[in-house]
Amino acid sequence: MTSTVVDTNILIDILGMPNPLRDWSLSRLEQCHREGELILSPIVWSELAASPLTEQQLTSAFGWLRMKREPFSYEAAFQAGKAHFAYRRAGGQRERTLPEFLIGAHAMVRSHRLLTRDAARYRGYFPSLDIISPETHP
1 MTSTVVDTNI LIDILGMPNP LRDWSLSRLE QCHREGELIL SPIVWSELAA
51 SPLTEQQLTS AFGWLRMKRE PFSYEAAFQA GKAHFAYRRA GGQRERTLPE
101 FLIGAHAMVR SHRLLTRDAA RYRGYFPSLD IISPETHP
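Residue 103 in my numbering sits at position 103 of the sequence shown; the count goes up by one each step and never skips.
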């Protein structure tokens, strides 16, 4: 079985109105669910908290997925910091570690795939990460 970290943008798509991106996200999410365990990162959960929904509403909305809540490790935190350091050396302007680095490092360190619509944000800093995106799985 293959485990998959679900990126925030996929879950936001699921909550949104029907459109082609929502259809793609839902289809791929269901496929990943059939192929193995879905992983919910604490970083993704914190990004979802920025919505007007309560924690109970979010929990109910995604309950059917039975996502495993997995803690964030020190090893993943270190890899995220290294990715952010590379980003800054390449001219990146944001001084704080971006959530994408934390999510990507979590998936990479735990040998999960990553389901996202933003593959470019991850590919350059986590080249060994197996990414499922519209570019890789149209």
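Keep in mind that the hints are not guaranteed to be accurate.
[To be verified] Here are the in silico distance ranges between beta carbons for each label pair:
hint, residue 1, residue 2, range
1, Glu30, Glu135, 38 to 44 Å
2, Ser46, Phe85, 37 to 43 Å
3, Pro134, Ser51, 33 to 39 Å
4, Glu30, Thr59, 18 to 24 Å
5, Ala90, Leu58, 33 to 39 Å
6, Ala61, Ala120, 26 to 32 Å
7, Arg89, Ile14, 33 to 39 Å
8, Arg89, Arg66, 39 to 45 Å
9, Ser73, Ala120, 31 to 37 Å
10, Glu55, Lys82, 17 to 23 Å
11, Gly36, Gly63, 15 to 21 Å
12, Gly36, Gly91, 22 to 28 Å
13, Gly91, Gln57, 37 to 43 Å
14, Glu30, Arg69, 15 to 21 Å
No lab work stands behind these hints, which were simulated from the structure alone. What you are looking at is a predicted structure, and each value in this text was computed from that prediction instead of being measured. Each residue gets a CB set at the ideal place from its N, CA and C atoms; glycine is no exception.
Tested hints:
Take Glu30 and Glu135: their Cβ atoms lie about 19 Å apart, and the range 38 to 44 Å is violated. A C-beta distance of roughly 22 Å is found between Ser46 and Phe85, which places it outside the suggested range of 37 to 43 Å. The hint said 33 to 39 Å for the Cβ distance between Pro134 and Ser51, and at roughly 23 Å that hint is violated. Roughly 19 Å separates the CB atoms of Glu30 and Thr59, a value that falls within the hinted 18 to 24 Å.
Range check, Ala90 to Leu58: Cβ separation about 34 Å, and the 33 to 39 Å hint holds. Under the hint 26 to 32 Å, the C-beta atoms of Ala61 and Ala120, about 28 Å apart, fit the expected range. For the hinted restraint 33 to 39 Å between Arg89 and Ile14, the CB-CB distance of approximately 36 Å keeps it satisfied. Take Arg89 and Arg66: their Cβ atoms lie about 40 Å apart, and the range 39 to 45 Å holds.
Between Ser73 and Ala120 the C-beta distance comes to about 25 Å, which lies outside the given range of 31 to 37 Å. At about 31 Å, the beta-carbon gap between Glu55 and Lys82 misses the expected band of 17 to 23 Å. Range check, Gly36 to Gly63: about 18 Å between beta-carbon atoms, so the 15 to 21 Å window is met. Checked against the given bound of 22 to 28 Å, the beta carbons of Gly36 and Gly91, roughly 37 Å apart, lie outside it.
A beta carbon spacing of about 40 Å between Gly91 and Gln57 agrees with the range 37 to 43 Å that was offered as a hint. Hint check: Glu30 to Arg69, Cβ distance near 20 Å, so the stated range 15 to 21 Å holds.
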